[in-house]
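Here the structure of chain C is known, so what remains is to put chain X in place on it, guided by the hints.
Same order as they appear, the protein sequences are chains C and X. First residue of the first sequence? That's 1 in our numbering, and the numbers climb one at a time after it. First residue of the second sequence? That's 1 in our numbering, and the numbers climb one at a time after it.
Ranges of calculated distance between the beta carbons of each label pair, as one might list FRET restraints:
#1 C:A47 / X:T179: 40 to 46 Å
#2 C:L43 / X:G13: 36 to 42 Å
#3 X:K397 / C:L20: 51 to 57 Å
#4 C:A48 / X:S197: 23 to 29 Å
Don't read these hints as lab results, they were simulated from the structure. For every residue, glycine included, the Cβ atom is placed at its ideal position computed from N, Cα and C.
Chain residues, written in single-letter form:
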Amino acid sequence: MADSAVPHDQPAGSSRRDFLELVAWSTFGVGTLAAIWPLIDSLNPSAAVLAVATTEVDLEPIEVGQRVTVMWRGKPVFIGRRTEEEIEMARAVSLDELRDPEPDEARVQKPEWLIVIGICTHLGCVPLGNRSGEPRGQWAGWFCPCHGSHYDTAGRIRKGPAPRNLDLPPYRFVSDTQVLIG
Amino acid sequence: MSTELQQPPFKSGVLRWIDERLPVLTWAYNELVVYPAPKNLNYWWNFGSLAGIILVVQIVTGVILVMSYTPHADLAFDSVEGYIMRDVNWGWLIRYLHANGASMFFALVYIHMFRGLYYGSYKKPRELLWILGVIILLLMMATAFMGYVLPWGNMSYWAATVITNLFSAIPLVGEPLVTWLWGGFTVANPTLQRFFSLHYLLPFVIFAVVFLHILALHQFGSNNPLGIDLSKKDKIPFHPYYTVKDVFGLCVFLLVYGYFVFYAPTAFISPTNFIPADPLQTPTHIVPEWYFLPFYAILRAITFDFLWIVPAKLGGVIAMFAAIGVLFFVPWLDTSKVRSARFRPIYKWFFWLLVIDVLVLGWAGANPPEGWYLVAAQLGTLYYFAHFLVIMPVLGKIERPLPLPTSLSDPVLRGTRSQTAN
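Chain C with its partners taken away, still in its complex shape (with noise of 0.2 Å):
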């Protein structure tokens, strides 16, 4: 049955019949795709979700060795104004001792201003040492209590089964005593 619109004389596989169900076959392919792709798009964020992406910070309030905490897209990001000999302890580390290494000044935009995203790359717990009174671990940085990673004055991982350094949030410095986070 199917072959008796096959002209004979024609070689198998470039019927007129083939052509035809090839272009059906793709217009509705692409046409699924289509239909498809609103739906998928739709669990994307929303506009109300992104126009909330960004988070701005007075750092006015901070004093020199204070660490506070702020929330950016629903995570805490830690904001720690160093002391000199904070910065002096993440600059003296050779990059050869770390796990994830990485110089403190790729790490700060400012030296006196570190700002990293407060999640310990393990599996997703907030560390200790944003507070005073909590322990900051060994490298006076943060530990993460849920199973023991402990990360420097930089944010760097040091011991423990973290694979990467904390997270950086983008960000930029608006005024001297503004950021401006996302």
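Relative to the frame of chain C, chain X by itself:
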């Protein structure tokens, strides 16, 4: 017939292994590929598959909408008109597909039903097939009504109030029943939340009943425009013949659906529903969605107490539910042995009269119940019931049908020889 199952031609051993243990592929192959369909089905036979497709569209878009919708009286309106329509990526498209999809669904199903009435598709042995269809219609009506309430606009609110108040017409238990339906003393947040739950549930119930509908259909196979029982040589496999025809019909349907979604997305939405629900402000002119208008006209046509015992309010409610209830009995109300109206010269005219009658009822339902509109609604209601309860049974007895062909090839090859109506 579903009794002789054919094995699909498997190319993969894995599929064969699965199918031996779980014969879903054999089932799908027999119902969707080899299913022997009459050669002579016309385009009126496209609407069943179209209705099935739009049901899937409604479920998919509905599931996605729920992800951004908030079922709470204080937040529902903003979550639809504010969040979904403005902030969610493609939210406007998905919502308009869903809202207009409901209208399309009813349009397709009404055409599908009139097709059945014209060609006698409800007659022996397809009575349960028809009854399952009426059950689907009832479920659709409940689903559509509750879905209409969810955006919590002012028409949503008052539609919910009016429709739930129908039940207050029931003697003795009416008032407590309505309080129970509302979960309070008016339509309010508890009402919205239970409607939301049921609006999510019922489409899946419809989906299940659609499966039963198809099971019943494939037991004896599709009816056909001649209405006669066809032999095997007058049937062709469903695939590719009717898959291709259905896809062509789908393309035409998508043009109509697309026109409304992209160029007239609010054509079916009352302007009043862009105002948030206000329990203190009834809209001056309450009308339901177009697909309920004929039934709404019947509800309002009963303006008089019936036989001194049934008050007008209860009478209207009974008449409205009876308008759908009477459909359950159509297989037995129609006493004619001949299925297709092609061979029923008188029934054919009454069929078109019923179509006009339903359109008149719809027009009357869209207008205030006064003056000529009310008269039209009352005459329309009278004819509607007369059609099913008087004309159908009597006509079947007195009408002389045209001679029926014995097979599809018969009228062409041997024009004169024919079989009389059994």
